[in-house]
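K.L.:
Residue strings, one per chain:
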Amino acid sequence: MQLISLSFVILWAIAFSLYYLVTGKAQRYVLLAVSLLFYVTGLRAFPLSLLLAAFTAYGCGLYLKRLLAQERTALGACQDRESKKAVRDAFQRRRKRIQVLSFLLLLGMLVFYKYAAIALPYAERLAGSHAAFLERVVMPLGISFYTLTAMGYIIDVGRENCEAETNPLCFLLFLAYFPSITQGPFNRYAPMKEQFCSAHIFDYDRMLRGIQRFVWGAFKKLVIADRLGIFVDRVYSAESSTVPGSIFVCATVLYMLQLYADFSGYIDMAMGVSESFGIMLPENFKRPYFAKSVAEFWRRWHITLGTWFKDYVMFSFVMSGPGRRLGKACKKRWSSFGKHVVPILGTLAVWFFTGIWHGRTAAYMLWGIYYGAVMSVSLVLEPRYAVWKEKLHIREGRLWSLVGMARTWLIVFAADVLIRSESLRQAGEIYLSFVTRLHPLRLLTSEITAYGLSRYDFILLAAVLLVWLAVSVLEERGEDVRTYLAAKPALLRWVCYYGVVLTLLITGIYGGGYDTAVFMYQSF
Amino acid sequence: MEEKVLAILKEHCEEALTYDGDSMMEDGVIDSFTVINVVGDLEDEFDIEIDAKYVVAENFKNKEAIIALVKRLLEE
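Protein sequences, first through last, are from chains U and Y.
Quick note on numbering: the working numbering labels position 498 of the first sequence as 589, and the sequence is numbered without any gaps.
Quick note on numbering: the working numbering labels position 23 of the second sequence as 271, and the sequence is numbered without any gaps.
Careful, some of the hints might be misleading.
[Stated by the list, open to error] Below, simulated PhoX-like cross-link-like pairs (lysine-lysine); rule was C-alpha separation at most 20 Å, straight line:
no.	chain 1	residue 1	chain 2	residue 2
1	U	Lys175	U	Lys187
2	Y	Lys319	Y	Lys252
3	Y	Lys309	Y	Lys258
4	U	Lys480	U	Lys383
5	U	Lys175	Y	Lys258
6	Y	Lys319	U	Lys176
7	Y	Lys258	Y	Lys319
8	Y	Lys301	U	Lys156
9	Y	Lys301	Y	Lys319
10	U	Lys156	U	Lys284
11	Y	Lys319	Y	Lys309
12	Y	Lys301	U	Lys175
13	U	Lys156	U	Lys116
14	U	Lys116	U	Lys383
15	Y	Lys252	Y	Lys309
16	Y	Lys301	U	Lys176
17	U	Lys176	U	Lys187
18	Y	Lys319	U	Lys187
19	U	Lys175	U	Lys156
20	U	Lys187	U	Lys205
21	U	Lys430	Y	Lys258
For the record, the hints were derived by calculation from the structure and aren't laboratory data.
Take the sequences, apply the hints, and build the full model.
P.N.:
Right, dumping it as structure tokens:
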């Protein structure tokens, strides 16, 4: 079941009615029942991996809770700092053992489902017909999201950043919550539990705000992303040697916007649905293309994934025993550069894992290494930039911000060629075309309309992209667009509402039965 | 103790000294690399161990929160 489908809207309406008909604790069970229904109809199979992930994390959480209680009792009996440290170290080792075991189970499941198709030919060579079962393995919907969410919960319980859940159904709701199960955002347990456990009464304004955000997300997906996708798909599936570099430049820039519109559109819809139930999900995007550096870009793009890797991988590695020892040794050996070594290793590891989390191909691995390298180089060179800026008398004004934005676009552009290309060979040919046969003037000819989009489509796209830009500028200035519009005169307000809805209905790219193309991040 | 913490912050992120909000990490005032370096220097200076569980936005929301964290760890 897609979020933009008639069946989903019906499910949402039924869930919404039931949710506000019942009160108190029963509300969370309505959400759980709807979440499981949504997931099972999407999966069309028994949700074994979801239940396994939930069982593993729930059980591990309870065990950690017991260990933490024992540790507190043991610490209470300690008299001096040394004995306290010894108790802490002993319990930390016990916690780590159970955490590592749970991670192996969760990651093993993720790797099995994600890489079964790739491993099939090798497995057949090794095990012959015994490996044939791998053919039937299908990656379960949302597995990349709920396994990481479950791991985050285990770490948070171990760090005492949240209390372990004792109610298994409540925990299952946390993992299976239907607006965020397929594509995120990555939720943290503490804020979600608080919201799931509160009673929510019907609020007309909140419902309206939820619907508005859902429609805006659908607008971004159907009017912008899916229209851009037609052009991008045609260009990238054409014989590379016949397409001039300028068309590839255009297609890649449009791909950058397509990916953003598609993913942030989904997030808007998920957040809108959730808001209608009184449950606020964490923001996942903050206008990333306004970023003035790549580091800032990744603080604004897929925020919850970035903070997941930062909190649970980067900090865990840097502040682990071996990480600390290595850091101290490097500082001693190389002085000022030495302090960068461990953060650089952490960054490279984070980006390598981010790459393989996103995709199963070598292109995604290279994409991760590329960003890791860019981040590491900028970390080392940052102090030098400050010196050069001082020497060249560069002031941080509007022009400097534009230069920073352009540089960020360029770096992201280069990476996106890699992941959008059908193969590494094609990516190489495309990079080469930027240098050897750019032919920029051919963009002004009718050739541009030979890739699935008419002149009318380009005009429409220019108009809707301008609307999107205007909304983004308002948000960047700290305005909440829905509140901003609500304060405007009724005529202007309704022109905007009807404008968005009618454009969505008339110009959206629909399939049969008003269904839509799948979301791009769903396959990650 | 406070002066020493402020001196470490000044060395790595002068902006943190004048920041008067309560979400320094989310606002991009202090990035993860700076946090790592600040943590390293605080550990060396005060002979404490700042575990990853303390490196959360709440404990790094502003300079006062960082001082409070160091105080708490010194008392433990």
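K.L.:
Hinted pair, alpha-carbon criterion (20 Å max): Y/Lys319, Y/Lys309. Please report holds or violated.
P.N.:
Given pair Y/Lys319, Y/Lys309 holds - Cα atoms ~16 Å apart, limit 20 Å.
K.L.:
Quickly compare the C-alpha distance for Y/Lys309 and Y/Lys258 to 20 Å and report which way the hint goes.
P.N.:
Given that 20 Å is the threshold and the Cα spacing comes to 16 Å, the pair holds.
K.L.:
Is Y/Lys301 close enough to Y/Lys319, meaning Cα to Cα at most 20 Å?
P.N.:
The hint holds at about 16 Å.
K.L.:
Y/Lys319 and Y/Lys252 were given as a pair; does the straight-line alpha-carbon distance stay at or below 20 Å?
P.N.:
12 Å, holds
K.L.:
Hinted pair, alpha-carbon criterion (20 Å max): U/Lys156, U/Lys116. Please report holds or violated.
P.N.:
24 Å, violated
K.L.:
For the pair supplied as a hint, U/Lys175 and Y/Lys258, confirm whether the alpha-carbon distance does not exceed 20 Å.
P.N.:
33 Å, violated
K.L.:
Taking only the CA atoms, is the gap from Y/Lys301 to U/Lys156 under or equal to 20 Å?
P.N.:
15 Å, holds
K.L.:
Against the 20 Å threshold, does the CA-CA distance of Y/Lys258 and Y/Lys319 hold or violate the hint?
P.N.:
19 Å, holds
K.L.:
Does the alpha-carbon distance linking Y/Lys301 and U/Lys176 stay inside the 20 Å limit?
P.N.:
16 Å, holds
K.L.:
Quick one, are U/Lys480 and U/Lys383 close enough, alpha carbons at most 20 Å?
P.N.:
Holds, at about 15 Å.
K.L.:
So if I understand the rule, the pair passes when the alpha-carbon distance is 20 Å or less; does U/Lys176 with U/Lys187 pass?
P.N.:
It holds: about 16 Å lies between the C-alpha atoms, which stays within 20 Å.
K.L.:
Given the hinted pair Y/Lys301 and U/Lys175, is their Cα-Cα distance within 20 Å?
P.N.:
This hinted pair holds, its Cα atoms lying about 18 Å apart.
The structure does not agree with the numbered hints 5, 13, 14, 18 and 20 stated previously, though it agrees with the rest.
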